[in-house]
Amino acid sequence: MPEPTTLSYLVVAALLFVIGAFGVMVRRNPLVMFMCIELMLNAVNLSFVALARELTDIDGQSIVFFVLVVAAAEVVVGLGLIVGIMRNRSSLTADDLAELKG
Amino acid sequence: MTDLVWLVPLLPLVGGLILVVFGARIGEPRAGWLATLLTASSFVVTVLVYLDLLGMPAEERSHVVSLFSWIPVGSLQIDFALLADPLSITMALFVTGIGSLIHLYAIGYMHGDPKFSKFFLYLNLFVFSMLALVLGENLLVTFLGWEGVGACSYFLISFWHNRDSAAVAGKKAFVTNRIGDWGVMTAMFVAFSAVGSVSYKAINEAAHEGAISQTAISAIAILLFVGACGKSAQLPLYFWLPDAMEGPTPVSALIHAATMVTAGVFLMTRVGPVLAESYGWVPDTIAIVGAATALFAATIAVAQHDIKRVLAYSTVSQLGFMFLAIGSGAYVAAIFHMVTHAFFKALLFLGSGSVIHGMHHEQDMRKMGALRAAMPVTAFTFIIGWLAIAGVPPFAGFWSKDEILLYVYADNRLLYVVGMVTALLTAYYMTRQVILVFFGEARWHDAAGEHGAHGDFRPHESPKVMLIPLVVLSVLSVVGGGMQLPFSKDLHFLEHWLEPVVEEAERSIKGTWAYDNKYVLLGAAIVVALTGIALSVAVYAKRRLPAIEPKVLENAWFYDATVARLVGGPGAASFRGVTLFDARFVDGAVNGAGAVARGLGGVVRRSQTGFVRAYAVFIALGAVALLAWFVWRGWLA
Amino acid sequence: MLAASSSTIPFPVLTSLVVVPLVGAALVIFFGRARQEWTKLTALLTSVTTGAVSLWVLQAFDSSEAGFQFVSQHEWIPAWGISWHLGIDGISLFLVVLTGVLFPLVIAGVDPHHDERPYLAWLLVLEAGVMGSFISLDLFLFFVFFEIVLVPMYFLIGGWGYDQRVYAATKFFLFTMAGSAFLLVGIVATALLSRDSVGSVTFDVVALAETGALSVTQGRWLFVAFAIAFAVKVPLFPVHTWLPDAHTQAPTAGSVILAGVLLKMGTYGLLRFGVYLFPEASVWARPVLYTLAVIGIIYGAIAATMQTDLKRLVAYSSVAHLGFIVLGTFALTDQAVTGGVMQMVNHGVSTGALFLLVGMIYERRHTRQIAELRGLQQVAPVFAGFFMVVMLSSIGLPGLNGFVGEFLILIGSFDTARWWVIVATTGVILAALYLLWAYQRVFHGEVDDANRGFAELRPREGALLFVFVAIIVFTGVYPKPMLSRIEPSAKALIEHVESRTDYQRPAQGEAGK
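Note that the protein sequences, when read in sequence, are chains A, B and C. This note's numbering numbers the first residue of the first sequence as 1 and each following residue consecutively. This note's numbering numbers the first residue of the second sequence as 1001 and each following residue consecutively. This note's numbering numbers the first residue of the third sequence as 2001 and each following residue consecutively.
Honestly, the hints are just simulated from the structure, not real lab data. A portion of the hints provided could be inaccurate.
Just some of the chain A residues that point at chain B, by a computed CB distance under 8 Å [said to hold, decoys possible]:
hint: 1; residue: Ala-72
hint: 2; residue: Leu-97
hint: 3; residue: Leu-100
Here are the simulated BS3-like cross-link-like pairs (lysine-lysine), alpha carbons at most 30 Å apart as the crow flies [what the hints assert, rightly or not]:
hint: 4; chain 1: C; residue 1: Lys-2040; chain 2: B; residue 2: Lys-1201
hint: 5; chain 1: B; residue 1: Lys-1367; chain 2: B; residue 2: Lys-1464
hint: 6; chain 1: B; residue 1: Lys-1201; chain 2: C; residue 2: Lys-2480
We put the beta carbon where it would ideally sit given N, CA and C, even for glycine.
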């Protein structure tokens, strides 16, 4: 098995990112949208680590920690909001939350 | 004493100020006496200044008393200064003199009026303004008085302001005067620009010595004449004067006969040297306008029925004579006629006021007649005034009118003819007035019911306080001619007195046919006057000839009506158009901008669907686009 | 015209003019809730104090000195050369005094119909803003004050005005703000473009004017930017249409302040910043500004004549009067500029008084429509008398203040703007026309039942108006003290223009046309 190059990592990361982006745009369930956002964030993490390895720069790996923390915080807040909203309605999709329509 | 000339305008001003604050409390008749006293004191001071000046040699009779620095900015240094010289003191004498008499008269005339004190307040303020006008050392102090008399005239014309006609007349007078004021103001600007000062001395000297261009001189002259046309009711700005008769009769006598309207004549005399040095068409224009106005107004007076309107048009006509004189270079004659006119016109107006008073406020001459039995003193003094204005010797009007015609003949034969025709008409319409009012049959029996008379309506004579001024003025109308008799140089008192002021401008007619044959012209004038009287007697007394009073003359050649229609029709329409333009277009543009912004916002708003997923798509697309642009740039670099 | 000697007292006089009203506003808002009856007193004391300080400055002002006095300068944002730089000279002196005197009179004399606390607070903030804009010598600081003025005025009109107040307030705010956008760009550009000639980026007006050197094109563009903002404020045709609505819909105090002081920020700005900072461009742009000014004079007067609303008539008359001031400002002669500055004050006094009077009419009859008013002189002669005097001042009767300013402007502008002056002088005819016609319809004639109950002038109103009338008469008869204080600074400004351009003051009296 040939050794995976940086490029292969980047390709995987890109694929993950696209799947995640596509998921956010297409899926209506808020929880699934969150999962896709996580997917995108982790895809970015992967590309950071891969490039950090290639360029032997530790900064890339430190950033991953930042991203992880932000993702965690965001998930906490987001899930809390979803739960709060879903208390009043039985079924909920992203399309139902259109109060900010201009 | 000359240094105290500032007392002359101050005294009536003080009277006005006292009456503003305490007028209601002082009340009738003490307010009237206070005002009269102060004006009379002003007259006394003027006489003292006059005597003082008489005692000086002729060249020194010009004193400037500067009170304070009024408008000092840079090279423009205008003081509130008074000039005491023969011309200004002559004016001041008859303004305060006749003014005092009219104040006295008004005490009787305004008896019982609820706004008695206010009337005298305005009268005093008016006298103050007029004195500032004539005693001013520079154009701006004169202008202060000029506008002041305009404002006081407005107050006094619309004195009975609950009457719509009076209110409108007052406004008309002020606005029309303002058109003339444009001319005076612009003249001041030209003077400052060319001469660096608005002082009469500086301007006259600069003109006389040729220090400024003739264009500038002519501009100043003609612009001041525009102002004079407004103030002195010449064509085309005369139409406020007949309507000004809405004011109480003392107002008409003082303001619209003796003083305010003569301000234009005074101003042109004051700047005589400027007029003399201007292009020839300037004095020619003045003479033509004066003559035209004189004739025009005289024709209208022939057909008027209101006793005061006849006199109003007569005033316009006589003022035309004065401007005719000025245009012909006869400044002394103009001033002479101004003074005599003040005497007899004030007399006639006060006399008519006495008639109106005695007739319980009837003013239509068709409802009068045979009043000389009921009002003997009024009738007698009125007849003296009539003879004076008609130009019958030895009354004052004859000498002054003849003096003017002498100079006019030497200048322009055609205008002389116009002047003679006007003199004929003057004699005609004044005789008509006297006959209609005092002679013939009594036509006022039918009018009894109209005036709410209780029982027997009889016209009565006026109280003594109104008769004394009539008597004084009639005496003056008899002997007033004495100040300038043509028989010999020694009798030219007025000319000698005014010489230092007018010598640079006064035209000399020595050696002309007119001068050599002045007795012929004198005779011609007498003939014309007597012819006018005879014609009128034939028409109105003897009923031998038909009365010619066509509607066109009765309606003043429809001049006023035309102006009113122009102002009210196309004038108002264009103004309304401007206002609409402002509201629809200019403001519309602003509101339109707002509408466009709102519209755009409405369109752009549609992209805000509220759908998170749509936003997500936009984010993705945007990110891709941005990335693509950077890559593409990187590719090129 | 460099920064001159300041006062010898250590007290920051000019700063207090800005700070005291703000403190007063804060007091009114925060402590007024507890003690309702003290709000009015606090506001009054604050404004009277400010007024007293301004009067003190007036008497301590050295009229022989053309430069700025009582200067106070403190660094604010040194990196960009922004400082708290205040100073007063002959041009701004009387505007400051006018502001200081007008506000206490308005606070004492006119009561709002509701919500006194925020009303008074807004008025005091407004005072601070107006004061600040007249004494700022730093462009950034000036802009801050210029914008601060908009907010309280918006709320005053929108909260305490008449039937169409919201529309008028919004229009006023947006219109002026749009102009200010140009001003902001101009200010920043001026500071940056002058960086090389001055040495560093600075917003200091004196430094920019004295040492800054811009190219001709730069100067002209920047002048246009500044001029647009001030033109809206003045207001100059054709950006004047916010004025009739704002004036008509504003409460009485708002109208008085708006006409009396706010409009002058525009004319003051044109003089202080337009001419001082961009002399070449000012000289270049003169024909346009003359034309717009004269159009305003005639157009404003014509529009005023046909108004059916008395207050709107007075509003349009302001457009006409300010046209004279702009004409004088750009004629750049001693008399014209001095006259223009003086007329700024005169207009404030007489038009302020007119708005007070109209407000009194509304308060009694609840209408501003001329058609519904009639014969008021019959039932309220004293009121009519005051109205007459103020009206005559507006018409420009000699002996009253309005004439002196108008006369100086016209006679001073005659050499440099001859034909414009000849047309502008016809404005005096129109002024008499629209004002006297309005007076005749409202005060003359026989009174009818609707107007019979018109109450005569009350003592409090009379006292208030008396101050205005006294100033009107005094300044008209003896304007010398005012003129002697304005003249040196006006002269210095013109000399500044002469030194930087080809323009030379015309020599009066030697030309002979």
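message = Against the 30 Å threshold, does the CA-CA distance of Lys-1367 (chain B) and Lys-1464 (chain B) hold or violate the hint?
response = holds (25 Å)
request  = Against chain B, run the beta carbon of Leu-97 (chain A) and see if the smallest gap drops under 8 Å.
outcome  = holds (7 Å)
key: Hint consistency between Lys-1201 (chain B) and Lys-2480 (chain C) [alpha-carbon to alpha-carbon, up to 30 Å]   = holds (23 Å)
task = Answer holds if the nearest beta-carbon of chain B is closer than 8 Å to that of Leu-100 (chain A); otherwise answer violated.
result = Hint on Leu-100 (chain A): holds, closest Cβ of chain B at ~5 Å, below 8 Å.
request  = Return the status of the interface hint for Ala-72 (chain A): holds when the least beta-carbon distance to chain B is below 8 Å, violated otherwise.
outcome  = violated (21 Å)
task = With a cut-off of 30 Å on the C-alpha distance, tell me whether Lys-2040 (chain C) and Lys-1201 (chain B) pass.
result = Violated: Lys-2040 (chain C) and Lys-1201 (chain B) sit about 58 Å apart, past 30 Å.
The structure does not agree with the numbered hints 1 and 4 stated previously, though it agrees with the rest.
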